[in-house]
Amino acid sequence: MSVRLTTRKVGDVTVVDAAGRLTLGEASSSFRDTIRGLVSKGEKKLLINLGEVSYIDSSGIGELVSAFTTVTNQGGQLKLLNLTKRVQDLLQITKLYTVFEVFDDEAAAIRSFG
Amino acid sequence: MGENKSGETTSVVSYLDSTLESADVAEQIVMAAARELGFREDEQYRIGMAVRESVVNAVVHGNCYSRYKKVQLTVSKYPDRLLVVVADEGKGFDPKSLPDPLAQENLLNQSGRGIFLIRAFVDELEIRRREPAGTEFRLVKYLDRKLDSTGMVPREGERQ
Numbered sequence: 003m004s005v006r007l008t009t010r011k012v013g014d015v016t017v018v019d020a021a022g023r024l025t026l027g028e029a030s031s032s033f034r035d036t037i038r039g040l041v042s043k044g045e046k047k048l049l050i051n052l053g054e055v056s057y058i059d060s061s062g063i064g065e066l067v068s069a070f071t072t073v074t075n076q077g078g079q080l081k082l083l084n085l086t087k088r089v090q091d092l093l094q095i096t097k098l099y100t101v102f103e104v105f106d107d108e109a110a111a112i113r114s115f116g
Numbered sequence: 029m030g031e032n033k034s035g036e037t038t039s040v041v042s043y044l045d046s047t048l049e050s051a052d053v054a055e056q057i058v059m060a061a062a063r064e065l066g067f068r069e070d071e072q073y074r075i076g077m078a079v080r081e082s083v084v085n086a087v088v089h090g091n092c093y094s095r096y097k098k099v100q101l102t103v104s105k106y107p108d109r110l111l112v113v114v115a116d117e118g119k120g121f122d123p124k125s126l127p128d129p130l131a132q133e134n135l136l137n138q139s140g141r142g143i144f145l146i147r148a149f150v151d152e153l154e155i156r157r158r159e160p161a162g163t164e165f166r167l168v169k170y171l172d173r174k175l176d177s178t179g180m181v182p183r184e185g186e187r188q
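As you go down the protein sequences, you meet chains A and B in turn.
Residue numbering for the first sequence is 3 to 116, as defined by this note's numbering.
Residue numbering for the second sequence is 29 to 188, as defined by this note's numbering.
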């Protein structure tokens with residue numbers, strides 16, 4: 003079981019819908035490649051929808067952080083949408099809730115990019 | 029894989045390849061044991077995650093993916109707890125040397141959260157050196173159920 007990633011545009015925001023398990027290996031590599039591909043195309047407003055992500059390990063958390071720094075260093079913004087309780091808990095205990103902007107409403111998240 | 033029973037204690041030892049797939053295998057083995065012991069679903073998830081992180085550490089940092097080295101997984105079920113030992117054949121490391129992933133200057137580091145998460149998800153974590161080589165992680169998770177007057181866990185159907 004791995005992660006499935008699909009991207010779509012809502013206005014000038016790119017939404018990445020992720021589903022499955024974001025763990026070390028093919029899944030984390032696939033996620034990293036997707037984010038880097040979007041950034042290389044000049045996409046600077048990324049919203050990562052984790053609503054269908056059932057499981058994230060420390061490597062997956064690391065990929066989220068890496069994606070955040072990659073996009074931010076390019077002058078862009080990366081925000082998170084629809085965290086499951088387990089992912090919320092992980093971000094709480096790793097203090098990353100203080101780093102990411104998190105939304106549970108897609109329209110509100112899209113508007114927040116300005 | 030070997031198995032021995034002594035009273036209420038059952039230990040199962042598995043020898044896993046130094047591949048990332050072994051993390052999935054170990055997680056499934058331990059979650060099944062936790063389920064059998066009566067841990068709640070969210071606790072099964074936490075134990076499984078802690079063991080996954082331990083095995084990934086053993087595969088990646090301990091055995092460095094060597095096809096000649098194995099990860100030893102020992103799962104012991106006690107009436108009041110689950111003990112999991114994950115051992116590698118690597119050079120070992122000093123856990124005190126690991127940076128604090130919660131420190132402000134480390135928050136945006138890509139890696140370095142595995143052992144922190146293990147500690148967060150089990151009741152006890154002990155990291156020991158093995159002779160002549162290797163490191164073992166000893167993880168303990170206690171059942172939060174109360175024992176009955178005989179010191180035993182109530183059987184299925186007798187739980188409150």
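Hint data in this document are derived by calculation from the structure and do not stem from the laboratory.
Errors might be hidden in some of the hints.
Listed below are the simulated SDA-like cross-link pairs for lysine to any residue, each with C-alpha atoms no more than 20 Å apart in a straight line [claimed, not checked]: (1) K87/A - Y73/B; (2) K97/A - D172/B; (3) K81/A - R158/B; (4) K97/A - F121/B; (5) K11/A - E28/A; (6) K97/A - N134/B; (7) K87/A - D70/B; (8) K97/A - N137/B.
Treat the numbers as computed from the prediction; the structure is a model and nothing was measured.
Evaluated hints:
1. K87/A - Y73/B: Answer holds: K87/A to Y73/B is near 12 Å, not above 20 Å.
2. K97/A - D172/B: Violated, at about 27 Å.
3. K81/A - R158/B: Outside the cut-off at roughly 44 Å; violated.
4. K97/A - F121/B: Since the Cα atoms of K97/A and F121/B sit roughly 25 Å apart, the hinted pair is violated (cutoff 20 Å).
5. K11/A - E28/A: violated (25 Å)
6. K97/A - N134/B: holds (11 Å)
7. K87/A - D70/B: holds (11 Å)
8. K97/A - N137/B: It holds: about 12 Å lies between the C-alpha atoms, which stays within 20 Å.
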